[in-house]
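Novice: So you can see what is in the structure, the chains are spelled out below.
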Amino acid sequence: MSEKRILRGVGVSSGLAIGPARVVQWDLPKVTRRLISADHVDDELARLRSAIQTVKKTLAGLRDQARERAGADEAKIFDAQILMLEDPDFVSDVETLVRENQLSPERAFEFRTLELTAMWAQSASLPLRQRVADLNSVQKRVLNHLTGRSLESVMQTDDDHPVIVFTRELSPDLMIQLAQGPVAGFASEEGTRTAHAAILARSLGIPCVMGLVASLERVTPGTAVILDGNAGTVVLDPTAGEREEARETQRLRHELERQIGETDTGPVVTQDGVHVTLLGNVDLPDDLDAASKRGADGVGLLRTEFLLLGRSSMPSEDEQAGFFERAALRFEGKPVVIRSYDVGGDKYPMSFEGSSEANPFLGWRAIRVCLDNPDLFRTQVRALMRARRHGDLQLMLPLVTTLDEIKQVRGVVADAAAELERENAPAMTDLPVGVMIETPAAAVLADEITQLADFVSVGSNDLTQYTLVVDRGNARLASRFTPFHPAVVRLLKKIVDAGTRWGKPPSVCGEMASDPVSVFLLLGLGFRVLSVSAVSLPVMRWFVRQIEAEEAAQVVEEVLTLGSADEIRFALERAVGERVGQQLVSSTRLPHSNAAATLHQSG
Amino acid sequence: MGVTEDTVTVANRLGLHARPAAELVKVAGKFQSEIQIAKDGVWVNAKSILGVMTLAAEQGSVLAVKADGDDAREAVAAVIALVQRNWDFTDV
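Top line first, the protein sequences correspond to chains A and B. For the first sequence, the numbering used here assigns the number 1 to the initial residue and increments by one for each residue that follows. For the second sequence, the numbering used here assigns the number 1 to the initial residue and increments by one for each residue that follows.
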């Protein structure tokens, strides 16, 4: 198949769409340099205000449609666009340019928006850069209105069967307006998963691929295309075989969704009878409920950082104890692992200012800050001991690199226990202390750490990042960030072997635990406890039930001899594909991509 | 009457992005006072959504809020309360 026919971008809304391509050219109009005469200023300003009013009315209408078709939160996106046109500073700046510099309203409006889009586009803030599309769209609407061109005329069409719309940039207003007609899929050159239009596409349930760089010139209007919102691809002029394959993929995905929907919340056992414990990760208080409802066997990682946010002093012992108690009660005696504060010194309230560092991920953070501030740490430990009366609360230490850190923490724990006993405070002071293995140092010392700690858990994201020296937030390095690197795989082996030796089975609480192919690797290595995000619980429960642990172990034995991440991933994917269907290897993530990854991934 | 000033830390994960900015501007717009908001010493009009968005305040940013006018005290309190309540959003 000719590569020229395949366009690759980012799948931002899942699903497959087949139909003829429609290219919508909705760009900024050319604004002629025109000065106005002084006696026309008032007329021109009236024309500008009328254009702004009209566009505001259009946007308000689209907001109502969005509320109806997608939801109240999606509708709020439009409020921001409408408020841009009501912005007192912006409007008065534009009017001043017309009044005092005698620019035409088009020029004045364009001048002010260009200033802003230039500033936003260069901003260090990713959310702000992504809002450029929303501002551009407001600008396009006003300028096209002033120059007498309407989106309706651009959209004029006699399509009566669903089309795949191609456009340079998708804004939420453009999308909802286009979706009034028969649209099976959206494709754009600009944009990523967290663009407002991407969120909207997911809520509308319309497949969408963004980031198809320089693709418009390759798409002839009317050509048949297959758009795959999961894979992020567009196939132009597909063959009969490709169409058939697309329909089969679609069928398999629906089948998988149906099966997962039926999966109960009972025990998680592999085909060959191996029990796997599925715990939930909790980032924010609301996740407690979500994880519990989806049948988590406890909490493998409860992050406490949210307790610090939005405040100018540390949360009190009572406040922390109250929250920990709620978590314990929600899980009725099942283990709830609380991670001590895992942020840099500059993120703590109070007196840690001035600690901005060149390399914060290699800096003064997590357990290092806690041990350097024993009062702060002891408060958290005391709160845990007091709340432990209500359930199986445990303490986990992030970013451990030395055995001495564990011993120091044991000292703090013993002091806190003695204090509480002296005070006759109601508490359970036998607090288990676990270690998060997420640095190469800790992984190499896995044996000694497992012996010293009450339990260990692998933080796979940081372990990968620190082992491979790859910043996982750096898009340019994205393909180099892989837990299938042989160095990471061998460290994982070392950790699980140490657990077997000391009779303390380690858990995994990073993103690996939510990815089917990675889970196959983890099960094959011998991990039996996984802590995953609440949204991933149903999929992972279903997936583990399809696997044979013995088969995974055999595949992993071979994988351990391989020398590259690609070879390892390929071998694992082949094995998983044979077990659950080749198509599903790439699409098992589908069921939660639409439901969960919506608004909180964007703004 | 007079000038009131206070600070607050942005708690929601994605910071002061479009929807929170829209809410903030709407709240600010209910007051007569001039209200300004700053991050790292850069002040913008709290009634201007483009200004507020341009601040690009992220999670953990400290915002200063000040108002000048008859209802300055109430205005600052309302803006601070909105940020502290985390915009009443559950998942942003």
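For the record, the hints were derived by calculation from the structure and aren't laboratory data. Treat the numbers as computed from the prediction; the structure is a model and nothing was measured. Some hints could be false.
[Claimed, not checked] Okay, derived cross-link-like pairs now, PhoX-like style, lysine-lysine, Cα gap no bigger than 20 Å in a straight line: (1) A:K293 - A:K334; (2) A:K57 - A:K30; (3) A:K334 - A:K504; (4) B:K30 - A:K76; (5) A:K493 - A:K504; (6) B:K39 - A:K57; (7) B:K39 - A:K56; (8) A:K504 - A:K494; (9) A:K504 - A:K407; (10) A:K76 - A:K56; (11) B:K39 - A:K76.
Novice: Which of the stated hints cannot be reconciled with the structure, identified by number in ascending sequence?
Specialist: 2, 6, 7, 11
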